[in-house]
Amino acid sequence: MNFIGNLIWLIFGGIIGAILWFVAGLVLCVTIVGIPFGLQCFKISLLVLWPFGKEVILGGFGVGGLLLNILWLVFLGWELAVHHLIIGLIFCITIVGIPFGLQHLKFAQLALIPFGAKIVDK
1 MNFIGNLIWL IFGGIIGAIL WFVAGLVLCV TIVGIPFGLQ CFKISLLVLW PFGKEVILGG
61 FGVGGLLLNI LWLVFLGWEL AVHHLIIGLI FCITIVGIPF GLQHLKFAQL ALIPFGAKIV
121 DK
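Quick note on numbering: the sequence shown equals residues 1 to 122 in UniProt numbering.
Everything labelled a hint here was simulated from the structure, so no lab data went into it.
Glycine residues also receive a C-beta, built at the ideal position from the N, C-alpha and C atoms.
Careful: at least some of the hints might be erroneous.
Within a straight-line C-alpha distance of at most 20 Å, the following computed EDC-like cross-link-like pairs (lysine to aspartate or glutamate) qualify [as the list claims (entries may be wrong)]: (1) Lys-106 x Glu-55; (2) Lys-43 x Asp-121; (3) Lys-118 x Glu-55; (4) Lys-106 x Asp-121; (5) Lys-122 x Glu-79; (6) Lys-43 x Glu-55.
Between beta-carbon pairs, the in silico distance windows are [to be verified]: (7) Cys-29 x Val-82: 18 to 26 Å; (8) His-83 x Phe-42: 15 to 23 Å; (9) Val-74 x Phe-42: 18 to 26 Å; (10) Gly-64 x Ile-11: 33 to 41 Å; (11) Ile-16 x Ile-93: 34 to 42 Å; (12) Met-1 x Leu-66: 32 to 40 Å; (13) Ile-70 x Ile-32: 16 to 24 Å; (14) Leu-58 x Cys-92: 15 to 23 Å.
The task is simple: from the sequences and hints, build the whole structure.
Below, the structure is given as structure tokens:
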């Protein structure tokens, strides 16, 4: 079932979303200061590419991760989280869109606190 969900996800926009996250990571990696943030964009782009069957585990960051999460949240994360939250709620209006809406809600979590988050198989 995860394979079918991922295949449908790719056909209907998942590949575009993954490319956008990847390009954002490349743009952030242009400067030395942006490299940690770009690496988090690469992590999120891999999840956006193949989200079904994956789980996000938040937490496990130290003081450095906390500071980077705060910077991420102030400058970039809240806009991305709101974006994924709105899209997720729109998808959840229909029964067919609920699995895709839940994936966007998972992305919203990760967009808020990417540092220290782990992506694991279910």
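Right, here's what the structure says about each hint:
{"no.": "1", "hint": "Lys-106 x Glu-55", "in the structure": "holds (8 Å)"}
{"no.": "2", "hint": "Lys-43 x Asp-121", "in the structure": "holds (14 Å)"}
{"no.": "3", "hint": "Lys-118 x Glu-55", "in the structure": "holds (8 Å)"}
{"no.": "4", "hint": "Lys-106 x Asp-121", "in the structure": "holds (14 Å)"}
{"no.": "5", "hint": "Lys-122 x Glu-79", "in the structure": "violated (28 Å)"}
{"no.": "6", "hint": "Lys-43 x Glu-55", "in the structure": "holds (13 Å)"}
{"no.": "7", "hint": "Cys-29 x Val-82: 18 to 26 Å", "in the structure": "holds (24 Å)"}
{"no.": "8", "hint": "His-83 x Phe-42: 15 to 23 Å", "in the structure": "holds (18 Å)"}
{"no.": "9", "hint": "Val-74 x Phe-42: 18 to 26 Å", "in the structure": "holds (21 Å)"}
{"no.": "10", "hint": "Gly-64 x Ile-11: 33 to 41 Å", "in the structure": "holds (39 Å)"}
{"no.": "11", "hint": "Ile-16 x Ile-93: 34 to 42 Å", "in the structure": "violated (21 Å)"}
{"no.": "12", "hint": "Met-1 x Leu-66: 32 to 40 Å", "in the structure": "holds (37 Å)"}
{"no.": "13", "hint": "Ile-70 x Ile-32: 16 to 24 Å", "in the structure": "holds (19 Å)"}
{"no.": "14", "hint": "Leu-58 x Cys-92: 15 to 23 Å", "in the structure": "holds (21 Å)"}
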